[in-house]
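Since the structure of chain A is already known, use the hints to place chain B on it.
There are 2 protein chains.
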Amino acid sequence: MDVIKGGVTAAKGFLSAGGHCGAKRKNKDLALVYSNSPAKMAATFTTNIVKAAPVLWNKKIYDSNEKVKAIVVNSGNANACTGKIGMIHANQMATETGNALGVNENEVLVASTGVIGVTLPIDKICNGIHDLSTNLSESEQSANDAANAIRTTDTYNKEIAVTIQIDGKKVTIGGMAKGSGMIHPNMATMLSFITTDINISSSLLREALSESIKDSYNMISVDGDTSTNDMVILLANGEADNNKIETKDDNYKIFKDALDYVNTYLAKLIVADGEGVTKFIEVSVKGAKSKEDARLISKSVITSNLVKTAFFGEDANWGRILCAMGYSSAEFNPNKVSLHYVSNKGKISLVENGLPIQFDEEKASKIISERDIIVEIDLEDGPGEAKAWGCDLSYEYVKINGEYRT
Amino acid sequence: MDVIKGGVTAAKGFLSAGGHCGAKRKNKDLALVYSNSPAKMAATFTTNIVKAAPVLWNKKIYDSNEKVKAIVVNSGNANACTGKIGMIHANQMATETGNALGVNENEVLVASTGVIGVTLPIDKICNGIHDLSTNLSESEQSANDAANAIRTTDTYNKEIAVTIQIDGKKVTIGGMAKGSGMIHPNMATMLSFITTDINISSSLLREALSESIKDSYNMISVDGDTSTNDMVILLANGEADNNKIETKDDNYKIFKDALDYVNTYLAKLIVADGEGVTKFIEVSVKGAKSKEDARLISKSVITSNLVKTAFFGEDANWGRILCAMGYSSAEFNPNKVSLHYVSNKGKISLVENGLPIQFDEEKASKIISERDIIVEIDLEDGPGEAKAWGCDLSYEYVKINGEYRT
Chain A
888 MDVIKGGVTA AKGFLSAGGH CGAKRKNKDL ALVYSNSPAK MAATFTTNIV
938 KAAPVLWNKK IYDSNEKVKA IVVNSGNANA CTGKIGMIHA NQMATETGNA
988 LGVNENEVLV ASTGVIGVTL PIDKICNGIH DLSTNLSESE QSANDAANAI
1038 RTTDTYNKEI AVTIQIDGKK VTIGGMAKGS GMIHPNMATM LSFITTDINI
1088 SSSLLREALS ESIKDSYNMI SVDGDTSTND MVILLANGEA DNNKIETKDD
1138 NYKIFKDALD YVNTYLAKLI VADGEGVTKF IEVSVKGAKS KEDARLISKS
1188 VITSNLVKTA FFGEDANWGR ILCAMGYSSA EFNPNKVSLH YVSNKGKISL
1238 VENGLPIQFD EEKASKIISE RDIIVEIDLE DGPGEAKAWG CDLSYEYVKI
1288 NGEYRT
Chain B
888 MDVIKGGVTA AKGFLSAGGH CGAKRKNKDL ALVYSNSPAK MAATFTTNIV
938 KAAPVLWNKK IYDSNEKVKA IVVNSGNANA CTGKIGMIHA NQMATETGNA
988 LGVNENEVLV ASTGVIGVTL PIDKICNGIH DLSTNLSESE QSANDAANAI
1038 RTTDTYNKEI AVTIQIDGKK VTIGGMAKGS GMIHPNMATM LSFITTDINI
1088 SSSLLREALS ESIKDSYNMI SVDGDTSTND MVILLANGEA DNNKIETKDD
1138 NYKIFKDALD YVNTYLAKLI VADGEGVTKF IEVSVKGAKS KEDARLISKS
1188 VITSNLVKTA FFGEDANWGR ILCAMGYSSA EFNPNKVSLH YVSNKGKISL
1238 VENGLPIQFD EEKASKIISE RDIIVEIDLE DGPGEAKAWG CDLSYEYVKI
1288 NGEYRT
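Chain order of the listed sequences is A and B.
Sequence positions in the first sequence follow my numbering and run 888 to 1293.
Sequence positions in the second sequence follow my numbering and run 888 to 1293.
For reference, chain A alone in the conformation it holds in the complex:
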């Protein structure tokens, strides 16, 4: 696998554009993605029972299992808690995109992100769609513009592209994502759009994505809130012209590994750019009874406000980590736990066999003064392993979220 420059237009036959339509006061706020060939679709949607209108629109298309040609995304307004008019607007965004691009509205996916409960400025968005549709291009700049246009409080673009070889054919996977607040396992205000030119059966494409999100987007948390609008969309248009993947053979595995890489990369970027983040924390659990237990424990630790504030304060307060492990609902033997902190400044052991070790506070302070910190937990209780990614809880997080609407 090679990591290359580019994003959502890196794979063959995908075009995009991003621009400003007025959903936000300033900055880009509207993105289009277009596939020359009809693309198979895999997707995961928020588990929140309050679902935004575009989520409902896309679920309908997903359930029909039809191919799609385009995605339209606005930022600045989530089109959530907007009732019947919200559904009409989501439909209208699809219709206008269809009209502008000469495709059926049922081939158009819709996404929105931003403030909840405010009616979309639909006329501005429809005008914007028509303007953007004439600017579609395969260029890196277009991918960049689209990645920029889906941002809300994100401070930078989140893009990646990789290539793999399948049967001697070059296959490309590209993607863009946005995150920032409300990021929590099981989909948060997090949008991720992945495009690939691989030729693969629809059922394997869906299985690959649903497996892949378990160890990527579902293993990150910024603040424990799961939003009304989250989705991950994966489109595959087959233009790489490889022999169609129809079984879980070696080629499937090569694709799945590359997809995991793309999703994990974007997921980690989302956390690293979380609201008010000053620390990026990886919690790596091994020796759990099962993979699911390892996931529960690592997620419980990165979600704990007390753990997060301790990292913000650069305090090696391992007791809070054991506490968060203990209420994760996973089973483990507290008397077998060992715990290390690792960063560029070294590695330090804090707990062995469930008991605190006399450690060098100065060395510990130096290690956790870094921005990137790994918490290694070994349970010596089985084969289960998982990693979760989170961040600290800072004054800035409180500030951003106390003043979001004002």
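Please keep in mind that the hints were generated in silico from the structure rather than gathered at the bench.
Values in this document were obtained by computation on a predicted structure and should not be read as measured data.
Some hints here could point you the wrong way.
[Unchecked claim] Pairwise CB distance ranges, derived in the manner of DEER restraints:
#, chain 1, residue 1, chain 2, residue 2, range
1, B, Ser1256, A, Glu1098, 17 to 23 Å
2, A, Pro1270, B, Lys947, 29 to 35 Å
3, A, Ile972, B, Glu1283, 38 to 44 Å
4, A, Ile1244, B, Asp950, 28 to 34 Å
All residues carry an ideal CB built from backbone N, CA and C; glycine is no exception.
What follows is chain B alone, placed relative to chain A:
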């Protein structure tokens, strides 16, 4: 029911003392509670699988269903994650208390609260136990000293006492609690000790407590963390001399209502004095499919960091409330939800039938500028009702928890 002055010594035959032994650098840090007559015991312990040594000690006594005579509590050190030596120390605290008071160690309950993973200064505590044992008294001041001695970052004592009439006899219930950080449903670093002179069967005493905590301590959250040390202990010594309550008759109901009052009062005080709290928020849900659904929804709302920061910022951001309801795992129809904010400054409707109402932002701001705010949620979907209590998430919370050990 009458609310009277006093705390843990208000009921007949209970004595207490509180003093300084050196577990903390300064301030009171050791409390004793003593019952003249052997008392029946009801209790609830933390669900965290990492349990502090005193929790394990008390569970053993609880399971044996023997009567108890005394409780010893230290603050400043949680005796959690302290391994075998921790268990030895918990036992030693019971033995020393037993020796000092002339009772068996199996009649002594033990509690600790404070920093995790540091060995108890057991000699200081044992000396303190002997000193305190000579100061036991029924006075209000003694109850006050005990309530003071169990505090950690609590900024004030949490005490209450009430009287009821059972068969013409005066029955008293008194209590003290401590809270502050790590407060979350299913027991958090929260200790609560209730004493009563009622004569009641052991099984009904336990049932009354386990029912009572569901709508009191288990409905509060400061930060979503469930600690290693939480417990609620209820002792009943029978000295009120009422006819023994052995069925769920009217007298049981009178007692249960008074017990609910005491527990809810203490639970709300714990939240109101949570770390860095500037707002006290009640979330009142009605019209849920079931009581359990109402509990899930109200707890999900008070636990959301995004809701909490919005209240800190005095921002009427109702979208975050709907979002938190949506991921509570309770079922409801989003299109039937109505939402009001209420405070001393009035009441305002924000959502009707799941849709935002055009509301007067100035009036809303005035209402949520108060310290005490009620969020009323009506789901129009069934008979389920519940209330949960929480607080905002402030700069001060981050500060206190970023610097706790330093």
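Do the hints match the structure? See the list:
1. B:Ser1256 / A:Glu1098: 17 to 23 Å: This hint is violated: roughly 49 Å between Cβ atoms.
2. A:Pro1270 / B:Lys947: 29 to 35 Å: Roughly 34 Å apart at Cβ, these two residues keep to the hinted range, so it holds.
3. A:Ile972 / B:Glu1283: 38 to 44 Å: 41 Å, holds
4. A:Ile1244 / B:Asp950: 28 to 34 Å: 33 Å, holds
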